[in-house]
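Participant: Okay, here's what each chain looks like letter by letter:
Protein chains: 2
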Amino acid sequence: MRVLLTGGAGYIGAHTALALLEAGHDVLVVDDLSGTSAEAVARIERITGETVPLLVADVRDADALTDFVREHAPVQAVIHLAGLKAVGESVAEPVRYYDVNVGTTIALLKVMAAQGIPTIVFSSSATVYGTPEELPLTEESPTGIDLANPYGKTKRIIEEILSDAAAADPALRAVSLRYFNPVGAHASGLLGEDPHGIPNNLMPFVSRVAIGTLPEVAVFGTDYDTPDGTGLRDYIHVTDLAAGHVAALEHAQPGYDVFNLGTGTPVSVLELIAAFERASGRDIPRRIAPRRAGDVAASYADPAKAHRELGWSTRLTIDDACRDYWNWQTNNPDGYARA
Amino acid sequence: MRVLLTGGAGYIGAHTALALLEAGHDVLVVDDLSGTSAEAVARIERITGETVPLLVADVRDADALTDFVREHAPVQAVIHLAGLKAVGESVAEPVRYYDVNVGTTIALLKVMAAQGIPTIVFSSSATVYGTPEELPLTEESPTGIDLANPYGKTKRIIEEILSDAAAADPALRAVSLRYFNPVGAHASGLLGEDPHGIPNNLMPFVSRVAIGTLPEVAVFGTDYDTPDGTGLRDYIHVTDLAAGHVAALEHAQPGYDVFNLGTGTPVSVLELIAAFERASGRDIPRRIAPRRAGDVAASYADPAKAHRELGWSTRLTIDDACRDYWNWQTNNPDGYARA
Numbered sequence: 011m012r013v014l015l016t017g018g019a020g021y022i023g024a025h026t027a028l029a030l031l032e033a034g035h036d037v038l039v040v041d042d043l044s045g046t047s048a049e050a051v052a053r054i055e056r057i058t059g060e061t062v063p064l065l066v067a068d069v070r071d072a073d074a075l076t077d078f079v080r081e082h083a084p085v086q087a088v089i090h091l092a093g094l095k096a097v098g099e100s101v102a103e104p105v106r107y108y109d110v111n112v113g114t115t116i117a118l119l120k121v122m123a124a125q126g127i128p129t130i131v132f133s134s135s136a137t138v139y140g141t142p143e144e145l146p147l148t149e150e151s152p153t154g155i156d157l158a159n160p161y162g163k164t165k166r167i168i169e170e171i172l173s174d175a176a177a178a179d180p181a182l183r184a185v186s187l188r189y190f191n192p193v194g195a196h197a198s199g200l201l202g203e204d205p206h207g208i209p210n211n212l213m214p215f216v217s218r219v220a221i222g223t224l225p226e227v228a229v230f231g232t233d234y235d236t237p238d239g240t241g242l243r244d245y246i247h248v249t250d251l252a253a254g255h256v257a258a259l260e261h262a263q264p265g266y267d268v269f270n271l272g273t274g275t276p277v278s279v280l281e282l283i284a285a286f287e288r289a290s291g292r293d294i295p296r297r298i299a300p301r302r303a304g305d306v307a308a309s310y311a312d313p314a315k316a317h318r319e320l321g322w323s324t325r326l327t328i329d330d331a332c333r334d335y336w337n338w339q340t341n342n343p344d345g346y347a348r349a
Numbered sequence: 011m012r013v014l015l016t017g018g019a020g021y022i023g024a025h026t027a028l029a030l031l032e033a034g035h036d037v038l039v040v041d042d043l044s045g046t047s048a049e050a051v052a053r054i055e056r057i058t059g060e061t062v063p064l065l066v067a068d069v070r071d072a073d074a075l076t077d078f079v080r081e082h083a084p085v086q087a088v089i090h091l092a093g094l095k096a097v098g099e100s101v102a103e104p105v106r107y108y109d110v111n112v113g114t115t116i117a118l119l120k121v122m123a124a125q126g127i128p129t130i131v132f133s134s135s136a137t138v139y140g141t142p143e144e145l146p147l148t149e150e151s152p153t154g155i156d157l158a159n160p161y162g163k164t165k166r167i168i169e170e171i172l173s174d175a176a177a178a179d180p181a182l183r184a185v186s187l188r189y190f191n192p193v194g195a196h197a198s199g200l201l202g203e204d205p206h207g208i209p210n211n212l213m214p215f216v217s218r219v220a221i222g223t224l225p226e227v228a229v230f231g232t233d234y235d236t237p238d239g240t241g242l243r244d245y246i247h248v249t250d251l252a253a254g255h256v257a258a259l260e261h262a263q264p265g266y267d268v269f270n271l272g273t274g275t276p277v278s279v280l281e282l283i284a285a286f287e288r289a290s291g292r293d294i295p296r297r298i299a300p301r302r303a304g305d306v307a308a309s310y311a312d313p314a315k316a317h318r319e320l321g322w323s324t325r326l327t328i329d330d331a332c333r334d335y336w337n338w339q340t341n342n343p344d345g346y347a348r349a
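Heads up: the protein sequence lines correspond to chains A and B, in order. Read left to right, the first sequence gives residues 11 to 349 (my numbering). Read left to right, the second sequence gives residues 11 to 349 (my numbering).
It is possible that part of the hints are untrue.
Said to hold, decoys possible - For each label pair, taking beta carbons as the anchor points, the in silico distance ranges come out as:
1) E150(B) <-> T148(A): 26 to 32 Å
2) G98(B) <-> A72(A): 26 to 32 Å
3) P84(A) <-> A181(B): 26 to 32 Å
4) P225(A) <-> P84(B): 45 to 51 Å
5) D73(A) <-> E81(B): 25 to 31 Å
6) T141(A) <-> E81(B): 45 to 51 Å
7) P209(B) <-> N210(A): 16 to 22 Å
8) P300(B) <-> I155(A): 50 to 56 Å
9) I155(A) <-> A197(B): 33 to 39 Å
10) P300(B) <-> D73(A): 45 to 51 Å
11) T340(B) <-> T148(A): 42 to 48 Å
12) A181(A) <-> P300(B): 42 to 48 Å
13) V66(A) <-> R325(B): 56 to 62 Å
14) D305(B) <-> T148(A): 29 to 35 Å
None of these hints come from the bench; they were simulated from the model. Note that the Cβ used here is the ideal one computed from N, Cα and C, for glycine as well.
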């Protein structure tokens, strides 16, 4: 298939582009390079020897996107990863989050309809489950419960739009992938997460502490009802996550469907820090801090539906993720910036 | 106050414009005249002797809207009624509904922020309650339960956006008004509902049967658990509804708030038809038909919060509404078209 990948220069996007190419698909990327780097796409070309056309544009620029899709016709599917993703920022700037995330998806669906592209795989998030009522989370678990931030709401809204769009258009194949916590980097050390400023997520933060550019990691809450008192999450290696996109694309059926992409194995904050210490051989100073508003004690997937229906499962562990992240970090101390 | 009224040439918009002018406010209208008529605005000017500047544009045309607002500075508030409103159409064309309704609101909020306009009153709908778990519906009743159509989802999404925007911006005053079933027309016979094609709502349909342009009205379901077996709704005279907008505007406080605008009195389909027969002096043929998917047995407001906090209550009855609608219909058999 020839696949348009929105946000394809980003962390998950770059790994997904590589996985698509390795599976024999053609890839086009549209990315506005806000917070991402064209170097990621250049490296994918270097790794694979393939050409990856890159349109530097906002997905809402319908004319540019239409021209790009026509130039590379026939495009048979879209994997839609473009969007804003910082939870805290979404609370401070909600209108921008609704504007960019919801508006981008609507613009994309209009271009797809006009150009006859029938398939979309969307990067949703386990955030849509809000505060879990039951664990592990299945795709049948209720969504939207006490959703505390606009970021998560945009994911839930986009899922609704895709579901309604598929109900109205019998040719549309729409799949939402609910990511748990993506971590790790490509085993080559050439692709990885490149957060600007202070990282929002735990592994990038821990890695910067390990390498010495941040002094210590805060552990937010040690009094949760979990084995070691710290929060439990489902950390999925980005290479496994990328493979999930390929599987979802290849299995997409007319209608709307949703899959959890997670390992099913909860890992605590302290366990992740310990794993990163093993992988890096460094001590990682930590500081106990109060719980953060909006954090839940535990969130992890039941990935059985994806196993059963997509023939996909995770292969890599938290130790693999820490090893690969550290390899990326040490080979690219400034991310893609000094490539 | 000087108020920008989006959708001000529409049914509720025209009555709201008139109510604002009668309360001593200035009014500017932006309306793309899709499904509405500039004649409504011309008649408001004729009734009041005031000038009502009209910008014929899509609210998403940020440049045009910004110029319009600047030209008439200072604009102190927005009443936002522009949007698509046909439930059935929203199921068939969901992407268009999300695009127009959500996109319009986001575009408007951006212009408001840029121009320093602190207040927005939004036309939400009792549709956001979905299938009621309790009656009457209070503002605390759960929303979003089994919401069957994208129209209702756009209203709920816009309420969330306004709530999040107000949480992020302490200066913002945002109010959602959850309309029950607007009916009637202005007592002058000069303003009224002007649906194109076959009306979606009951009173316009009944009125066209009474005047003879439609043969009969279908009564969808006579086996509901209601006194006469037909559905119960809360029909609010559009003049009362318009007054609710003025009250909400004048009472808007920093933050986000929501009010039901309804009478609190349930009226059945058969009662409405009987009232229209009395008002028109015509027999109204009706045909019993099966329940429609998505219809609920009963929906009516507890309007106590608006009584208490806005000092607003309805003054007009279903008989007033039928009389005024019939007066409008007979004086304007083709709506505004042959004005």
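Participant: Taking 26 to 32 Å as the stated bounds, is the beta-carbon spacing between G98(B) and A72(A) within them?
Facilitator: About 27 Å separates the Cβ atoms of G98(B) and A72(A), which means 26 to 32 Å holds.
Participant: Could you check the hint for me, namely that P300(B) and I155(A) are 50 to 56 Å apart, CB to CB?
Facilitator: violated (35 Å)
Participant: Taking the CB of D73(A) and the CB of E81(B), does the distance hold inside 25 to 31 Å?
Facilitator: holds (29 Å)
Participant: CB of P300(B) to CB of D73(A), is that within 45 to 51 Å?
Facilitator: holds (47 Å)
Participant: Given the hint of 45 to 51 Å, check if T141(A) and E81(B) actually sit that far apart at their C-beta atoms.
Facilitator: holds (48 Å)
Participant: Mind checking the hinted window 42 to 48 Å against the Cβ distance between A181(A) and P300(B)?
Facilitator: violated (30 Å)
Participant: Quick one: are D305(B) and T148(A) within 29 to 35 Å, going by C-beta?
Facilitator: holds (31 Å)
Participant: Measuring from beta carbon to beta carbon, are V66(A) and R325(B) in 56 to 62 Å?
Facilitator: holds (59 Å)
Participant: Kindly confirm whether 33 to 39 Å is satisfied by the beta carbon distance between I155(A) and A197(B).
Facilitator: With Cβ atoms ~47 Å apart, the hint is violated.
Participant: Return holds or violated for the Cβ distance of P209(B) and N210(A) against the range 16 to 22 Å.
Facilitator: Cβ of P209(B) to Cβ of N210(A): about 51 Å, so the range 16 to 22 Å is violated.
Participant: Kindly confirm whether 26 to 32 Å is satisfied by the beta carbon distance between E150(B) and T148(A).
Facilitator: This hint holds: roughly 30 Å between Cβ atoms.
Participant: The hint says 26 to 32 Å between P84(A) and A181(B); measuring C-beta to C-beta, is that right?
Facilitator: violated (50 Å)
In terms of the numbered hints stated before, the structure departs from hints 3, 7, 8, 9, 11, 12, listed from lowest to highest.
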